[in-house]
Structure formats: C-alpha cells, structure tokens
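Asker: Take a look at the letters that make up each chain.
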Amino acid sequence: MTNFSKMAYQSADDLMFGRAKVPVTCGYGLEVGTGMVLPEVNFTLPTMKVEHEQLPAILRQYDDMVSSILQRLVTLGMPGAMIEFEHAPQMTEELEIGTAITAKIRTLMQSFYEKHGLRTALRVTVCDIREKSRPPQMRSGEATEKMFEAFRLSAANGAHLLSIESTGGKEVSDRALMEADVQGLLLALGILAPRDSRFLWQKIVAIANEHKIIPAGDTACAFANTAMILADQRYIPNVLAAVVRAMSAVRTLVGNEVGAVGPTKDCGYEGPVIKAITGCPVSLEGKSAACAHFSHMGNIAMATCDLWSNESVQNVKLLSGHAPEVFTEILTYDCRLMNEALQAGQERALQNLFVSSDAYKSVHALVISPQASFEIAEAILSHQSDFDRTRAAGLQACQIIRDASATGKLPLPDRESAWLDQIEEVLQENADEGKVLEDGSAQFGELFLPKEYGL
Amino acid sequence: MTNFSKMAYQSADDLMFGRAKVPVTCGYGLEVGTGMVLPEVNFTLPTMKVEHEQLPAILRQYDDMVSSILQRLVTLGMPGAMIEFEHAPQMTEELEIGTAITAKIRTLMQSFYEKHGLRTALRVTVCDIREKSRPPQMRSGEATEKMFEAFRLSAANGAHLLSIESTGGKEVSDRALMEADVQGLLLALGILAPRDSRFLWQKIVAIANEHKIIPAGDTACAFANTAMILADQRYIPNVLAAVVRAMSAVRTLVGNEVGAVGPTKDCGYEGPVIKAITGCPVSLEGKSAACAHFSHMGNIAMATCDLWSNESVQNVKLLSGHAPEVFTEILTYDCRLMNEALQAGQERALQNLFVSSDAYKSVHALVISPQASFEIAEAILSHQSDFDRTRAAGLQACQIIRDASATGKLPLPDRESAWLDQIEEVLQENADEGKVLEDGSAQFGELFLPKEYGL
Amino acid sequence: MQNYDELRECVIAGKKAQVAELVRKHLDEGKTAKDVMDNGLIPGMAIVGKKFQEGEFFIPEMLMAARSLNAGLEVLRPLLEASDVKPVAKVLMGTVKGDIHDIGKNLVAVMLRGGGFEVIDAGVDVPPDKFVELARENGADLIGLSALLTTTMPSMKDTIDAFQSQGYRENVKIMIGGAPITQEYADEIGADGFARNASYAVELAKKLLGVAA
Amino acid sequence: MQNYDELRECVIAGKKAQVAELVRKHLDEGKTAKDVMDNGLIPGMAIVGKKFQEGEFFIPEMLMAARSLNAGLEVLRPLLEASDVKPVAKVLMGTVKGDIHDIGKNLVAVMLRGGGFEVIDAGVDVPPDKFVELARENGADLIGLSALLTTTMPSMKDTIDAFQSQGYRENVKIMIGGAPITQEYADEIGADGFARNASYAVELAKKLLGVAA
Ligand SMILES: [Zn+2]
Ligand SMILES: [Zn+2]
Ligand SMILES: [Zn+2]
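Residue numbers (this note's numbering), protein chains in the order written: chain A, 1 to 455; chain B, 1 to 455; chain C, 1 to 213; chain D, 1 to 213.
Rather than coming from a laboratory, the hints here were simulated on the basis of the structure. Misleading hints may appear alongside valid ones.
Claimed, not checked - As a list, the in silico DSS-like pairs of lysine-lysine whose alpha-carbon atoms are at most 30 Å apart:
#	chain 1	residue 1	chain 2	residue 2
1	A	Lys-146	C	Lys-130
2	B	Lys-409	D	Lys-51
3	D	Lys-157	C	Lys-157
4	B	Lys-146	D	Lys-207
5	C	Lys-16	C	Lys-90
6	D	Lys-130	D	Lys-207
Claimed, not checked - Where chain D lies over chain B, by a calculated footprint (3+ residues, C-beta under 8 Å):
#	segment
7	41-47
8	121-134
9	355-362
By construction, the Cβ of each residue, glycine as well, lies at the ideal position given by its N, Cα and C atoms.
Chain A with its partners taken away, still in its complex shape (with noise of 0.2 Å):
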C-alpha cells in the first residue's frame, strides 16, 4: 500500500496531455503515458434486450462494433487504443454474458495485432451492481459475490485491465446533492466512499495481481458526475457540482493507495488531480464524448489526458457508418493533432490553448485546469484523514472559484455566489468527523448500513 504523502509533480506545468510519471504497459504491447496519447473507444449496445437467448445476436454486434473500431484505427494508421468494454448491469449479473463478450473483444484484438501491428488493451469495467438493493449491501450478499465473480472471470478471460465506477456513498450522496447537503455530500464522499474504495480496490488489485494484469482505476462518476448533469439541468447550483467534483477525487484516489496504477476511468473528471498525486496515466473525455454527456469542458480536459475517451456510444448507424467507428476516427484526429504537439514540442502552445478556450466560461471547466487540480491535489496532500482530505478539497475548490470570480475573469451569477458562501460554510463548520458521522447518521439513516462500511 502506498500511501502518498508527496506530489509526482514539482508544478502545474509539469502536467502534460501524453506524459505520465509512471506510465502503464498493458495488452498487446500497449503503452500509456510515455509520450503519445492513445483513443479510448467505448461503446454500447443499440437498444435491445440482455439475455441468454440473445447472446449470439449481441455477440454479433460486439463483433461488428469492435471490427470496424480497429479497421479505422489501421486506416488511420493509429498505432495503437484502449479498448473499453464497459458491462451493462445484466453482464455483470449473468456471468456467462460478460465473459463471452470479453472473450469475443479479446480475440479481434489478437488478430489485429498479429495481422496489422495494431497496439490495444482490453480494459473491462464492471458493473457495481451492489447499489441495487435498498439500502445496499456493499460487502455482503449475492450481488457483491456476483461482482467479484466477474471481475475474476473477465480476468481469465481476456481482460488486460481491470476498472469500475464505484458506488460507495451514493445511497447517501444523491439525496444529499437534491437537497444540496453539504455536511451530507461529507459523510458521502469524505468518510462512506473512501471506506468502500479501500475495501473493494483491495479485492480487485488482488484479483488481478492473481491473474498477472492491470487493476487501472476507478471514476468517481456517480458523484460528480450525476452532480454535474443535475446542474446543467439547472437543478441544483453549478457551484455544488464543481466543489463535489474536488471532494470525490479522495475516494478515488485511495484505490491508488491500495494498488490502482492507472490509467484512470475515462469520466473521472478528478483524474489530473490523481496524476498530480501519484503520476499514474489518466483516461479522460470531452467534446468527442458528446455523443454520450454534454459538457463545459470540451477541450480543457485534453489538457492533462494520456488516453482520449469518447465515454460510449451506441451502435446505431449515422450516414458514413455505425456510431462507434465515427466515434473512433474522431478521437483519432484529436490524438493525431496532440501527438504532433509533442512531437515539435508545442505541447505547451496546445495544452495553453485547450485551458484558456473553457477554464473561464464554466466553473466546472475551471476546477479541472491543470492548475486548479494541482492545487486541490496539494490541498488533498496537507491532510492525513480521507475525511480531511475530503473536506479540504472542497474548501481548496471554493477558494479556487472565489479566486477566479474576484479577477473578473469568470462570471458568477449572484444566485450561485449565494451558495458558494453557504457551501465553503458549511466544509468550514464540521471540521469533526465523529459529528458529521452522527449528524449524518440521524439525517441519512435509513439510506445506508453502516456495518456494510465497515462502520
């Protein structure tokens, strides 16, 4: 277990799109973050039912899929990608389905690589399918032994790298983001989420130490980013998003702790503030994940990328062929036109360029520049507890957007400078894990079992 105490980087400028401190090897002769940055393709099924009697149709369709996904690569002469292959609920629940798809995905890959050269890894993200009883049971029963099962069968057979979007705390933190409850949103991701990651990443780092490959890392996606979708909907204020978006990254950086080496999840928004912590590559997407969220930070997230993601797509067709390959030429060019900044050496100019385009016009562009992870990621390091940790991310985000607001440089509506005020006075207030833990207790009880966090 690592227990990082110290940044991987001397400054904010030593963060760079295609460069990680310590780079990942995996797959076919894959590398991540040693000088280029890679496509990561993802992609999904067209609507259509998961069942075993369907399971030559829908292995059809990963067929198709991921066959036209590596013809464009090799047309484009890409050199190498991540393969995603993300579980929908049901391919995590019938183990047999989500094997036979990994395995499916798996010999396409080979046959790329012996026939064209062509540099993938297959990272297969399972489904966390423990949040589906009320109130979950996030270490016992069925579901959390069906869990683990796939993790252990997609690692024998064919998966090169092992992630998830885990949902520790979300029970607590989704009623608590509806009722903008900060001190809830702290029992949440500063003492419920943190306890889960180092439970569940300890299995998963040894599921795959067992199996020789990759434990990559996690996203804190069911927090920040349902957060981040409820404000664009303009249900609850931007401020809260982005402030939550800095307190999530502690929970997924104690995967790190206990053995996650990277490359981060594609919609793990927090992943330049784990770069800037461990020096691990980080996956990331924006303008060309459109097809699957909109958002405010289309280029600024290329900025400190190793992989460039478009989330997921499904397979529908568009005029010039199915979703999924439109998806992967378009990451290519992306990658093609940073690469090449890399190359001359005006990474910088680019990585300037991807930052001053979005960092001004939405906060939660603004707490994603490479500057304000690296200040949140030293405010994260100024701590020892995973609840102080937490707390003080969200202050160092207030201050990050109060800063910013201050300049002129970004405008900030009276409305949610009003819950900025409120939000940092809150993180102020309960400073005491213990109350916050009682507090939360009385308020969110009923939401969640303590002894399922080890509580």
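Dock chains B, C and D with the ligands against the given chain A, drawing on the hints supplied.
Answerer: For chains B, C and D with the ligands alone, kept in the frame of chain A given last:
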C-alpha cells in the same frame, strides 16, 4: 463578372482559418471571415418519407433539430453559427415541402436572435435534380425549371444564402472515374462542368440579387468527394482522386467569377484554392463530419476554414441527446480552440499542427494543405481558359505529390506511383481542348447532350 | 387575503417552523383550514413552482419549500380530514427491471410531489409483475417508468405488456423517460407519454390525468 | 493447359486485341471453344477478381480485363451458341424512387458483370412498378435496390411490397444496399440480403442464387 487574374493572398502563409480577405455579412448579423471561426451545422431527417402527408411530421423533426441546435449554441456561449438546410431531392421537387421547412427554420432562428442575441444565417442548398434524366437536361426541361423555382421560393421564404452541389459534367465524370480515363475527366471537369457552372450561377446570382440575399457558393462534391470515397474503398487510385480534387477547383471558381461571394459549401475541399484566388470565406469539414463521411483530412481541413461544418447527420438519438445537437457541441469546441488561438496570437502554431498532423499521412490531405492549395491556385491563374486551368491544376497536383514523395515524407506505394506517371502523361498529352472534346464525344457521347452545355 | 402574505413568503423561503406557527396563528384568528390552505399555503407553493420553472430556484430550494408546506399541512390535517377534501392523484414511479439508476426517477418523484401528487416509489430493478401488483395495491392512477440504458429499454415494453396481459392497462396511464428514450419509442411500445425531463414530467402527468395545470 | 498461360496473362493485363488474337490462334490449333473458355479466359478473369479482392487491382484495371475477356468471348460466341452453354443469372439493378444517386449502383453493376452476371440497369429514381415490369420483361433472377438517402430508404420497402402485391415476389431474390442501409433494415422490410459494399454484392448475389463462388 470578376475575372480573377491575381491571387487574393501574397503567400500560402497568409491563408488562415477565421480570416478572409473579402468577408461576408449575412442573416441575423452573422459575420464570416472577420477573425472568428463559427460552426456550420447541417442535419437531415431520420429514415422517413418526404411527401405531402408527412409534412407535419417533417416539420416537427426540423423544429426539434433546429431548436436543440440553437439551444446548444446558446448554452455553450457560441456567439453565432451558419445553419444549413440541404434539400433532399423531394424537397426541391415538391416545392411546398422545401419552402415550408425553410420558413420554419427561419422562424426559430429569428426567435433565438431576439431572445438570446444568437447570430445565425440560413444557407439553403437546393438539390441539383437536373441529373435525374439520362442523359441529363442541364438547361431545359421540367427539372431545371423546378430547381430554379426552388431557389426563388427559398429566397422569398427565409434563405439568407443560396448554395448548390452542382453536377454539370458528373454524367461523364462518374464513368471516367471508374475507368480512370483522364481524358474523360478533362472533358468532364475542364469543358462540361465549367460551362454548366457559368450558366447555373449566373441564374442563382440573379435570383439572390433580386431578393437581396447572398449567392454563397458551390462544391465539387459530386466529382472530387465521389473520387475520394471510391479511392478510400480501394476502387480507384488515391492519386487519381487527389488530382481530380485539384482539377475540380476550376469549375467551382467559375461560380465566383459570375458572382458567388462565399462562404463556399462545406464539403468542397477545393475551398482553400478558391479562398487563395478570390479571398472569399470558406466552409470546410473534417474530423467532426465523420458522421457523414470518413476522411483523411480530419485536422488539415481546419487550417483555412472560416466556417467549420459537420456536413450532415440524421436526427437519431444518442445517449446524450439527438445527433444534430451532439455534433453542434463538437463543432463548437473545435471553433473555441481556433478562436482562442486567434485571440492569443497563436493561430500560426495551431495551424501548423493541423497541417503537419495530417499532410503526409495521405495524398488526399496533402493536396488540400494551405501550401498545396496556394500552388494549385497559382497554376490556375497562370492560364486563361477553363480548360487550360483545369489541366494546369491537375498537373500541379501531380507535381506536388511527386515532390512530397521524392523527399520521402509522403509514402507512396509503387502501384500508386505508376498510376501517377500515367495520369500525368495523359494530362501532358491532352493540351488541345478541341481534341479532348472530339475524343470525349466519341467515347462518352451517349452520356451527355452537348446542347445542354451550349456546345 | 392580504394577511397571508407573510405565510406565503415563509413557504417560498422554506421556513418550516415559521410556517407551522403562522398557520396556527391564522386558525386562532378564526380562518378556516380550507382558506389557509387555498389562499396561503397553495399559492405560496405555486410561486415556488413558477420560480423553479423560470430557473430562479434550484431543487434544494424547492424541497425546503415543500417541507415547509408540509409543516403547514400537518397542522391543518386534522381539520381538513373532517371536511371534504379530494385525494390527490397517485403516481407509482420505478426504474425498470435490469436497470439500477435511480436519480432520474427520484428527481421526477420530487417534482411530482412538488406539483401536488402523491408518489409511491417502487425502487429500482422492478420486475413487470411487481409494477402491476403495486399499482393495484395502491390504486395508482399513473405509472412512471424510468430506464437509463439501451439494454433495459425493452423492460419498459415488458412492463406495459404486463399491465395489458393482466387486464389492468385500462386503469392506469403510463409515462416513460430516461436518457435513451424518445417519443418514437414511447409510441412504439404503447406508452401514453414521454417525459423528456423531470420538469416536463409534472406537466405531462397533469395532461395525462386531466388535472388542471 | 500450360499453353493458355499467355492468354490468361493477356486477360489479366487487359490486352483486348491480343486476347482476341490468341483465342483465334488456339481455335486454329484445334482447341474447342469450351476448352478455351473454361481453361483460358475464365481462369484469367478469376485471377483478376482475386487480385481485386486482395486490393492489388483497382476497378479500372478490372474493367480493362473484363473488356479483354469480352473480346475473347466475342470470338467464341458463334461456336458456343451451338453447344449447350447455360445462360448466366440475370440481375436487375436500380436506384429507388426519389433517389438520383447512381455511382453506387453502377459500381455494383461493374462488380457483378466482373463476376459473370448479366446486369440490366434500370437507372435512377425508378418507381416500384417499373422494377416489377422490368423484372418480368427481362426474366431477372435477382433485383438490386440502391438508396443513398434516409428519405428514400422507404422506397425500398415500397418496391418490395410492389413485387409482393403483383405476385412476382417468389420469382426473384432482392438485395439492397447504400450508405444508410443496415442488415436490420433489410430484415425489417423483407429483403433477402444486404450488401454492405459493392465487392460484397457479388458474394451475396452468388449466395442468394445458389451459384458457386
Ligand atoms: Zn461514468
Ligand atoms: Zn457534398
Ligand atoms: Zn452540406
């Protein structure tokens, strides 16, 4: 009529995205070419019939598409955009359908302008339905009359700009491409197509002037993109398609000679040549038009664009929203990046990356670089007649490819190299327009009607 | 009516304790429970709904207002139950079988409650038969089905089919929603409506049940 | 068979005049027309097809070879017609009503001719009834429908329906293709096959008609 005899720019270095020597102001305060790149968004119906009974359903589709596009532009703070409504053949044929859609789109644009200050302009691209009969009647007959009536009605019902993907000479070009008959291509692109462009655009310009709207521009799509796609499927040599690209610029230029002022049509990769000669703004498309066609010029097409387009996408649902809205977001971030570079004085650095990331990976990309476009433009202006210009453009493209291959930068397979020799030889041999017409009439006589070209 | 101004303001500001206190004060002054409700509490909440629609209020602010409304209703309840107050329409909400996303469903529930509906939450991963069973048990007027995955959309059809085959389809309206859902899909599987977002769900629910907006 | 080497090479290289001359020479030497065809011309063209499949030949090269093949067949024709040679399968190709794109259709026609089929070209913007009429008139075995627009895809269904309603559906196989077309769409409208590109169209045509590849 402008007889372009002098280049609008001094050198290839002066060709830059977002800046045109002769900008165009149109629609609701939209400026094109005055220092900013703006999205040009295009969209089409999902699988459905275009007929009178369907008109309410069709209008609902366009309402949904355009509303979500305009809303996305507002959300992302993009100050303006070109909206292109491109006719399916039935929309030109059944005049009330095309007209009703035009009026509907225009109404939405007006309301977003009034409510949000969103600056937009409506480009209506009428379908060249003259090619329907075989051999096509390019100047007489019902289809021709209907097409011009469609221009008139579009102008009267809301179009701010008129465009077309004209097809004069396509009947010969289609066959000549498949047979790699370069003499036939000289007939199609050097004799028939320019004659048709002159006839056609004089009429379009008159209609536009009458309604005080903009006669925008054409595209050599029917020739050069057809060739590129055939080459991409390995049906014809890549070098042939690249040479056709250069040759096709002359026919498009003729439109400008008789009064088209730009922006040229998005799918016309000869746009940079037109810009170099006339100084008019150009619309281009690349990686973010992968929804419509795959290409080898995803980044390099951005190098000189004033509008940046997605070419076309059906109204299908992706995970985030409908595809037209998704591609609006992608285009917007591309534009943000270019505009940030223009603001920061970094446009040269970014343009260099656009160019060098693609230029030597494919001959299709090579011939549309600012440098190549400038050289082709110069070759064109070194001659007087359309025929001589077309032939000179083709020879210049051969030279550009040969030079790039000779330096070792552009890998050119032997097979392609042999074809290049052959193509150049036939171009060299066929300096006599009269003989090309005579030989071509013997070879392709059953395909075209001389009198429909004023011959 | 002028004298309800403060009560309405307190509902809008979500001041729970003050709302209860003011309601008691008005009753002490001799107002009827119905009058306090119709002219004090309900108009206050209506303004909240309007502010949310116009982007001036966030969900947490709406939730606080709803809680203060409830605190006021709590005081009135014993008095109202004696009189002839219509029951509000009942909505059964759930995420369909195979799908475990619930924040979308929860949001719709919040919005519906804010709009005066009674909401029964069936949870996530709900099998078709369970929906029918709960609808019967609770006498639901409207069923709201949520799905966030292309691979669980077919469960929506299964659920509607279950209502049909068990002869209960006529008793309920069914609306569907979620990221991959479209109006076309709603039409295809025979749903009565498609809610493109949580705010629109309330409008749609009212339309489907013929309740005044 | 060794002595056909030169003939085969000339077919492959598309040397029209030399092919005709060599065919005459072989006949003069006493070979039968069938032998020249089966062991000289056809194997030469088969190699051309293979080279195209493997990306070594472009369409123009294949067309030149096909023309040289025809020049050879021209010489043999009077002799072959006397003997018992099976007619090749007939394909009717056209772009459906409303659609005026024809290069895709033309490409498929080229490929099919290269594969030994007789192709009747119905042109573009072909109404459903016209397809049925031409199929009857020409005794077509296979119909190839092309569409490049989402808005003209429905004409494919109309055309298949026309074959059905006019009682001629059983007499033909129908394959469809074009940029927006998918296998799912082919299944949905009852086509017999979907050609994802022009090269595959030949394979599919052979499969549908039970002709050896
Ligand atoms: Zn995610
Ligand atoms: Zn075009
Ligand atoms: Zn277009």
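Asker: It remains to establish, for every hint, whether it holds in the given structure.
Answerer: Here's how the hints hold up against the structure:
Of the supplied pair hints, the one linking Lys-146/A and Lys-130/C holds, its CA atoms being roughly 24 Å apart against a limit of 30 Å. With a C-alpha separation of about 28 Å, the suggested pair Lys-409/B and Lys-51/D falls inside the 30 Å cut-off, and the hint holds. The suggested pairing of Lys-157/D with Lys-157/C holds, with an alpha-carbon distance near 26 Å, which does not exceed 30 Å. For the proposed pair Lys-146/B and Lys-207/D, the alpha carbon gap of about 43 Å is over 30 Å, so the pair is violated.
Taking the CA atoms of Lys-16/C and Lys-90/C, the gap is about 25 Å. The hint holds against a cut of 30 Å. Taking the CA atoms of Lys-130/D and Lys-207/D, the gap is about 26 Å. The hint holds against a cut of 30 Å. Remark: the segment 41-47 of chain B is confirmed as covered by chain D, as 4 of its residues place a Cβ nearer than 8 Å to a Cβ of that chain, reaching the required three. For the segment 121-134 of chain B, the assignment as covered by chain D holds, since 4 residues bring a beta-carbon within under 8 Å of that chain's beta-carbons and 3 suffice.
With a threshold of 8 Å between beta carbons, the proposed coverage of the segment 355-362 of chain B by chain D is violated, since 0 of its residues qualify and at least three are required.
Against the hints set out earlier in the document, violations occur for numbers 4, 9.
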